[in-house]
Amino acid sequence: MAKTNAGNFFEDFTVGQVIEHATPRTITEGDRALYGAIYPTRFALPSSSEFAHQVGLTDAPVEELIAFHVAFGKTVPDISLNAVANLGYAECRFKRPVVAGDTLTTTSEVIGLKQNSNGKSGVVYVRSTAVNQREEIAIEWARWVMVHKRDVDAPAPETVIPDLAGSVAPESLIIPEGLDFSEYDFASAGEEHRFDDYTVGEKIDHVDGVTLTDAEHMMATRLWQNTAKVHFNTEARPDGRRLVYGGHVISLARALSFNGLANAQLIAAINAGSHVAPAFGGDTVYAWSEVLEKADTDAPGVGALRLRLVATSGRDESMTLRGEDGKYAPGVLLDLDYWAFVPR
Amino acid sequence: MAKTNAGNFFEDFTVGQVIEHATPRTITEGDRALYGAIYPTRFALPSSSEFAHQVGLTDAPVEELIAFHVAFGKTVPDISLNAVANLGYAECRFKRPVVAGDTLTTTSEVIGLKQNSNGKSGVVYVRSTAVNQREEIAIEWARWVMVHKRDVDAPAPETVIPDLAGSVAPESLIIPEGLDFSEYDFASAGEEHRFDDYTVGEKIDHVDGVTLTDAEHMMATRLWQNTAKVHFNTEARPDGRRLVYGGHVISLARALSFNGLANAQLIAAINAGSHVAPAFGGDTVYAWSEVLEKADTDAPGVGALRLRLVATSGRDESMTLRGEDGKYAPGVLLDLDYWAFVPR
Amino acid sequence: MAKTNAGNFFEDFTVGQVIEHATPRTITEGDRALYGAIYPTRFALPSSSEFAHQVGLTDAPVEELIAFHVAFGKTVPDISLNAVANLGYAECRFKRPVVAGDTLTTTSEVIGLKQNSNGKSGVVYVRSTAVNQREEIAIEWARWVMVHKRDVDAPAPETVIPDLAGSVAPESLIIPEGLDFSEYDFASAGEEHRFDDYTVGEKIDHVDGVTLTDAEHMMATRLWQNTAKVHFNTEARPDGRRLVYGGHVISLARALSFNGLANAQLIAAINAGSHVAPAFGGDTVYAWSEVLEKADTDAPGVGALRLRLVATSGRDESMTLRGEDGKYAPGVLLDLDYWAFVPR
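Top to bottom, those sequences are chains Y, Z and V.
Oh and the first sequence: position 70 is 70 in this note's numbering, straight run, nothing missing.
Oh and the second sequence: position 321 is 321 in this note's numbering, straight run, nothing missing.
Oh and the third sequence: position 229 is 229 in this note's numbering, straight run, nothing missing.
These aren't lab readings, by the way, just hints derived from the structure by calculation.
There could be a bad hint or two in this list.
Repeated chains share a single entry, so a pair holds when one copy, or any two copies, can fit it.
Stated by the list, open to error - Below, computed lysine-lysine pairings styled on DSS-like, alpha-carbon distance capped at 27 Å:
| no. | residue 1 | residue 2 |
| --- | --- | --- |
| 1 | K203 | K3 |
| 2 | K294 | K3 |
| 3 | K114 | K3 |
| 4 | K229 | K95 |
| 5 | K120 | K229 |
Build the full structure now, drawing on both the sequences and the hints.
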């Protein structure tokens, strides 16, 4: 009896299948500290329990991306251990802040399957849900990955492509209980720009860059219990390089976006995301943002900005997403579309 | 008066001598997080306070090896600062789980001495005991190290070689208070294999590999307050390389063994251990295990597996411990013999 | 409207100006663990909550330098983002221990200005104060930095040079409430040397060295939310190297000083400090100390030592601070003058 996990292949998935992912994980203040050591984050709300209390939160949440990476990491051994590529995200909503002491577990349902025409692989669509120890939903999201077949002769399943929203409707964003930005302290937060200061179409060059090291991206990726071999093992790829976990670039770009978006305190939803190109140790990562949409919320003093967050290898002051050919510009690593809560 | 610690030399030790080691150390959730950032550990019990409670533990223990490395680190300035080599371990028992907030201190008794025939060094045998702030024993173990003499003309002490067990008898393993695996959640833990699924003689290739970086092994080794110069200083060895602390390889191999031994939740004892070859940054470490012995316990649903854990530099799918000449096979870094508690 | 912070230039400062720095920061046990992973610190008081209690402290403070780096980091975006050089420190007093759960915020007052004769830059003197969530002062200090002008034609301000003490008078040192070294446990602390064992003029070679890695100094510097580009970005300097944050060298040297000054448990004040030369990944840092002054205190069993802490790149067993020309000797990285509390 083979004891080790070989992961699931395309033909192992069926639409409607529910997978309970292993390894519940308790979030601690140690995670917050490590996150702050690995990413240059300075958002006041997760940095300061006092600031969190001042904006109406009874506990001091950790950054949404800590919870996301932990929740996502659980799905890797079952969903994407044999993935060719991580194709996309949709309908990711942060439904409840995660605080130190919370224990997260993740479950996924297969919501779509489509075998590729080459017969060697297929696309698996899953909707994943992370709950805390009280079975309250912390995060839910859909993603789709291209997964190898074990046996190219296995029959193709019926094609089912789920109907996923292009973006999360602003009226369906979940506001953390008690959140109130009406007495928001802009001096503490570090910038004066509020909801009304941002205009749709505006781009912001976040200026700063960080050169990646292998030690740091491996430590981050392990912290999320993500087991994909290519991140840790120089013998796993022909070029002998350790591929940086895509989520590492997301967190790095989000942290860099502080410079210009310091008041985008909470991530409310991720609408879409593409890991456009791989990143490796030695690359210097920069970020820019574009304001895509603005929306009101029912919470006092709280508005929502829909933002495109772009990470690049090397700085692109022109902030070009795509060339004239419609393809992503050289250097683009990440194209992430998300909603954030900001003070009005 | 010289203020710095030059460490003890062989002739400074006498049988029966008791050494109280310095620097009590409080364990925190920060240690747990760093351990998870540095090693790819996913054992459900130390990962999740909920899982720990579900198996009957009132608190959420950290991994036994966190406590071991901290307890061991305290002995280095007094026992092995002038060591030629760390020769072996025996009779190591984990007697009480260590939780965040516990403060560990370590005491050692010299239990044996044997000068080498060359007159330049000798073997020192010590039995060390780590206690918590309530003076309850957390860990006890014996080890022996070869230590330089300061003065080759110092007289040889009477040779005393302690009688150490080849392995810890399973009936003397200490079961953490309250441990009950009768409602064990195999889905949460990540694998279905239980006590009865393992057979003596079975070998398990843990498949995954991790390429070492200097930053990571130094951070780990410092966390344990281990002060041996060779781990941190490129000027301490003629080859300019930083030697990886042997315990780093133990923790890495243990974490890699999750893949195939996910239910070996708790280390109960270390029977023996050899650091067969040195490891350095850039080495890619793999692990395999062999089931050596099985035993019942009195605790509900709890069995004990005696396992050989072998770390190698480069993967050896043949899982060869020794060549035909009886010597360790090339690439073997670590040969560790331990007991773990698993669900029946 | 430009959204990103370009920092202040020389002509943006006026004497008497008060700046509330952004990003309140809650200290956690994660910070303590990371500090112990990055620096080889073994001082018993911050290592062990039990030891802290035994010397009369009700809580378990983190190392003073954790609080200092966090408090200092807050000032960087407003004071020194456009700095040419960090010129000096004075009158730094640690007024209250910082414990996990405390939230620090920092305010600075401009206390002096002097334009350089070249008209391109000037020296800004600030006095900064870090308070906790109860508005109690944790640390206060003065520093002066040379800052670029944005516009060389901007008029020079009136020159104001503050009157700063060459060192903190020992009678003005603040003793943490309850501190009592009369039952001090020297065995736990690791060395027997007490106040009376140190003589003014004595030098101590701390023996051990640590080779720097980029991953480690970046993680430390980020943990303090220090945003200076040169520490993180290989594209920020013509030589493609990442400059090590000066505070990293301070913490490393302080940790190395354990070997010979294990009982210098608490930093009471920083009298002066110079970052003599830059440090980079690959450098091996050593430290030595000189006893400058001794003083009594009112607290039971507590004396104060004024110490010069010198960090060098490469070991200098001669412990030479300056050559015959009066200039710092080659290899000197740091010259720090501080007061520490030690048992009598």
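Okay, the hints, checked on the actual structure:
no.: 1; hint: K203 <-> K3; verdict: between (51 Å within a copy, 10 Å between copies)
no.: 2; hint: K294 <-> K3; verdict: between (51 Å within a copy, 17 Å between copies)
no.: 3; hint: K114 <-> K3; verdict: neither (30 Å within a copy, 44 Å between copies)
no.: 4; hint: K229 <-> K95; verdict: neither (31 Å within a copy, 35 Å between copies)
no.: 5; hint: K120 <-> K229; verdict: within (21 Å within a copy, 46 Å between copies)
In this structure, the hints that do not hold are numbers 3 and 4, in rising order.
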